[in-house]
Amino acid sequence: MPGYSDPGFDTLALHAGAAPDPATGARAVPIHLTTSFVFESSDQAASLFNLERPGHVYSRISNPTNAVLEQRVAALEGGVGSIAVASGQAALHLAVATLMGAGSHIVASTALYGGSQNLLHYTLARFGIETTFVKPGDIDAWRAAVRPNTKLFFGETVGNPGLEVLDIPTVSSIAHEAGVPLLVDSTLTSPWLIQPFEHGADLVYHSATKFLSGHGTVIGGIVVDGGSFDWDGPRSQGKFAELTQPYDGFHNMVFTEESTVGAFLLRARREGLRDFGACMSPHTAWLILQGIETLPLRMERHMRNTEKVVEFLAAQPFVARVGHPMLESHPSHALAQKLLPRGAGSVFSFDLQGNREQGKKFIETLKVFSHLANVGDCRSLVIHPASTTHFRMSDEALSNAGISQGTIRLSIGLEDADDLIDDLKRALKAAEKAGA
Amino acid sequence: MHIPINGAPIYCYTGGKAFDAAKPTVVFIHGVLNDHSVWALQSRYMAHHGWNVLAVDLPGHCRSGGDAPASVEQGAAFVAALLDALGIERAALVGHSWGSLIALEAAAQLGPRVSHLVLVGTAYPMKVSPALIESALNAPEKALRMVNVFSRSTLAPPSGAGFWVFGAGMALGRKVLHSNREVNLFHRGFVACDSYAHGEQAMAQVQCPVLFALGAQDQMTAPKAAQGLIAMARTAGKTVQVVSLPVGHNQMTEAPDGTLTTIRDFLNA
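These protein sequence lines are chains S and Y, in that order.
Under numbering that gives the first Met the number 0, the first residue of the first sequence carries the number 0, and numbering increases by one thereafter.
Under numbering that gives the first Met the number 0, the first residue of the second sequence carries the number 0, and numbering increases by one thereafter.
In case anyone wonders, no lab produced these hints; they're calculated from the structure.
Each hint should be verified, as a subset may be incorrect.
Claimed, not checked - Chain S is faced by these chain Y residues, among others (derived, beta-carbon under 8 angstroms):
id: 1; residue: GLY15
id: 2; residue: CYS61
id: 3; residue: LYS126
Since we're looking at a predicted model, the values are computed, not measured.
Ideal placement from N, C-alpha and C gives every residue a C-beta, glycine not left out.
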């Protein structure tokens, strides 16, 4: 596609990484369901294994269908490349495991998806990686939490489910002063709402299960490198030997010498995918690509419906609080206006005036909303975080994450907004009656 | 590895192999706002197939100290100093874009010390529009975007799993630009390309076979802008090979294997 213009987001969502198949002329991306790829010769085989030439060897490491997805998401995020993996959790683990080992330290936001909080608080601690949690808006706390062995800052673009907006420019600036990168989970926003690299983030990941795929059909994750972080810069010198020193496990390669802007991705693929093995099926990659083709259209509708539902809920006397940054009452309202002008996402929470039983009645009365543990589907979803997604967290951790026992989380889908509001009206009425 | 040249540490990527004086040497020279890593999918292969590879970061660029070349002639003098510093009698020179002019001028200065000359994405004269030169100085981010858009011929480059060439080009340009706080490398490189006026004489002085590897859809150094130099080389009786790659100005990443095999076959012939 030669030309003078710089393709826009919608064009990239359809075309980045893909061209008509040269072998068959197929216009849609082919699904390469094969474990491995025939070598042209022994010399070519050796060259592929030694990273001398581009190409695919074994689908745990790379695959042509996955490569299209990886280029497309990198294009939409404004990154240098990405790696598709088995889930969002696998993406977070791959990012962490590529950069550090036992004895390292992470500074992370308290406002995280329960699974991420679990991985950092319990599981990584078992492997010698400690995490200090700080409230995302407490800028001094980010700075104060830095230790000599800190290797990473981590937060979500908007916290799940309270939607505290991460001040990426400020937090990334503190991270860079400390000589460490900022990793951002942008699952709830997708690149249509925010491109974190433009604001200073260094690494971004998605649970592609959510908005990227968009149809609630597959589990997948993807981690994107912005290519901007200086792994052996003056402030980070000595911190990232995994990237800046010869790696015995792969031809004594020094990844920062091999690629000035893609060292993280090289190590993550050559070590992380090879050894941990959390790869994505090409069929999953294809389904996520199908979703991404309509991402701009879907996100626009998600946001339009969300605005209507938030306005409705905010006007209901039986609703104690609606936690969406589009409302002036939300603590992140001003920051959201600045960083997320298209909206702060369609996953948000609200609190009923009633007790736990009334909350239960509310959820069970809903007909259009589905009660399940997912977000970012084209269908509208509902869940009670304290007893499900965040159930392992203590009351204090829940409170820090902006979750109470009465909090209900919605993920607004693509249905007619009037039908969603009717469904919510019926459920609110039933819940109110249950308390009478 | 780093080599002291003119009192400054100069970085050369050697493709994962130590320098071996017994092997033939090939020097890879990058273009404006690039570094050694643009040759990743050619240089590592050559290093593992019988060649000493010296993929340089030009002085003042990224990992290299020293003053960035302000002209093609200064760049060529640096290449000569590099060969002297390592005691290399004879070497093949491979240059891309601005680097192709440096390789041409170095081949002219070094005469029989150059065994092969490979000009990838070349043009002569290599005129840069005044608007782009001005943007490189005053609005480098805008100019970088323009250059990357003009350099691209496809939204689906086969550059290796997961890498997005356009984003990598933007990130590399920013990193190289920020690597030198004293000199605007973007502006200096473009001015050096634009002002080089010794191409005809240089080609006449070249004493080795010459390969032109051009991008058929190249909008930065269009193939027609290389035809004068090609004709001049042929008229002067050089052994000339011209290969057209079906890509734009990102020959090394949009056609990594085609660029590699073209260079490899020429050097090994």
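Going through the hints against the structure:
1. GLY15: Given a least distance of 6 angstroms, the restraint on GLY15/Y holds.
2. CYS61: holds, 6 angstroms
3. LYS126: violated, 18 angstroms
Hint check: a violation occurs at hint 3 only; the rest are consistent with the structure.
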